[in-house]
Amino acid sequence: MDKSFEELLDSEKPLLVDFYATWCGPCQILAPILKEVKDTFKERIAIIKIDVDKNQEIASHYRIKGVPTMMLFQNGKQLWRQSGVLSKIEIANTIMEHCIWPELPGQQKTT
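Letter by letter, the sequence shown follows residues 1 to 111 of the UniProt record's numbering.
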């Protein structure tokens with residue numbers, strides 16, 4: 001696998017991977033939704049797109065059988081996987097639910 005991809009996977013910053021194909025209609029629908037998600041989270045997450053036709057080794061490694069398939073990683077661990085198109089709200093809620101966020105200065109701990 002590509003070293004920079006592995007570095008992104010191992011990062012503390014959550015990584016949302018969109019496995020897609022250029023010929024896939026639902027993938028084209030998902031693209032602007034993911035842009036909205038990125039605009040919402042800004043630098044707090046990384047979102048990358050992987051063309052399954054050009055990156056067959058990675059797609060095979062993660063057993064991608066259909067596109068679009070999204071996978072969420074943090075600290076080298078897969079946290080979530082979903083095939084198909086989801087709304088911005090569904091994707092954002094999934095990210096918030098599964099990821100560990102660093103404490104912000106002045107933030108109160110909830111126990």
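Keep in mind the hints are simulated off the structure, nothing from the lab. Do not take every clue at face value.
[What the hints assert, rightly or not] Here are the simulated DSS-like pairs of lysine-lysine, each with C-alpha atoms no more than 25 angstroms apart in a straight line:
| id | residue 1 | residue 2 |
| --- | --- | --- |
| 1 | Lys38 | Lys13 |
| 2 | Lys13 | Lys3 |
| 3 | Lys49 | Lys38 |
| 4 | Lys54 | Lys77 |
| 5 | Lys35 | Lys49 |
| 6 | Lys49 | Lys65 |
| 7 | Lys54 | Lys3 |
| 8 | Lys88 | Lys49 |
| 9 | Lys49 | Lys3 |
| 10 | Lys3 | Lys42 |
| 11 | Lys88 | Lys35 |
| 12 | Lys13 | Lys49 |
| 13 | Lys38 | Lys77 |
| 14 | Lys88 | Lys13 |
| 15 | Lys65 | Lys77 |
| 16 | Lys54 | Lys35 |
| 17 | Lys77 | Lys49 |
| 18 | Lys3 | Lys38 |
| 19 | Lys65 | Lys3 |
| 20 | Lys54 | Lys65 |
| 21 | Lys13 | Lys77 |
| 22 | Lys35 | Lys65 |
| 23 | Lys65 | Lys42 |
| 24 | Lys35 | Lys13 |
| 25 | Lys54 | Lys38 |
| 26 | Lys77 | Lys35 |
| 27 | Lys88 | Lys42 |
| 28 | Lys13 | Lys42 |
| 29 | Lys38 | Lys88 |
| 30 | Lys77 | Lys88 |
| 31 | Lys88 | Lys3 |
| 32 | Lys65 | Lys88 |
Subject >> 25 angstroms Cα cutoff - pair lysine 88, lysine 35 >> reply: 9 angstroms, holds
**OP:** Would you check the hint for lysine 38 and lysine 77, treating anything up to 25 angstroms between C-alpha atoms as holding?
**Re:** Holds, because 20 angstroms separates the two Cα atoms, which is no more than 25 angstroms.
Original post:
Given the proposed pairing of lysine 49 with lysine 65, does the C-alpha separation stay at or below 25 angstroms?
Top reply: 16 angstroms, holds
Original post:
Given the hint that lysine 49 pairs with lysine 38, does the C-alpha gap stay at or below 25 angstroms?
Top reply: Cα-Cα ~12 angstroms, so holds.
Subject >> Pairwise hint evaluation, lysine 35 against lysine 54, where the allowed Cα distance is 25 angstroms at most >> reply: The given pair, whose Cα atoms are some 22 angstroms apart, holds under the 25 angstroms limit.
Subject >> Hinted pair lysine 13 and lysine 77, Cα distance within 25 angstroms >> reply: The hint holds at about 12 angstroms.
Original post:
Taking only the CA atoms, is the gap from lysine 54 to lysine 77 under or equal to 25 angstroms?
Top reply: 24 angstroms, holds
**OP:** Sort out whether lysine 35 lies within 25 angstroms of lysine 77, counting only the CA atoms.
**Re:** This hinted pair holds, its Cα atoms lying about 23 angstroms apart.
Original post:
Taking 25 angstroms as the top limit, are the C-alpha atoms of lysine 3 and lysine 38 close enough?
Top reply: 23 angstroms, holds
Original post:
Does the structure keep lysine 88 and lysine 42 at a Cα separation of 25 angstroms or less?
Top reply: 14 angstroms, holds
**OP:** Would you mind confirming whether the straight-line C-alpha gap from lysine 77 to lysine 49 stays at or under 25 angstroms?
**Re:** 18 angstroms, holds
Original post:
Going straight from one Cα to the other, do lysine 49 and lysine 3 come out at no more than 25 angstroms?
Top reply: 16 angstroms, holds
Violated hints for the displayed structure, listed by number in ascending order: 23, 31.
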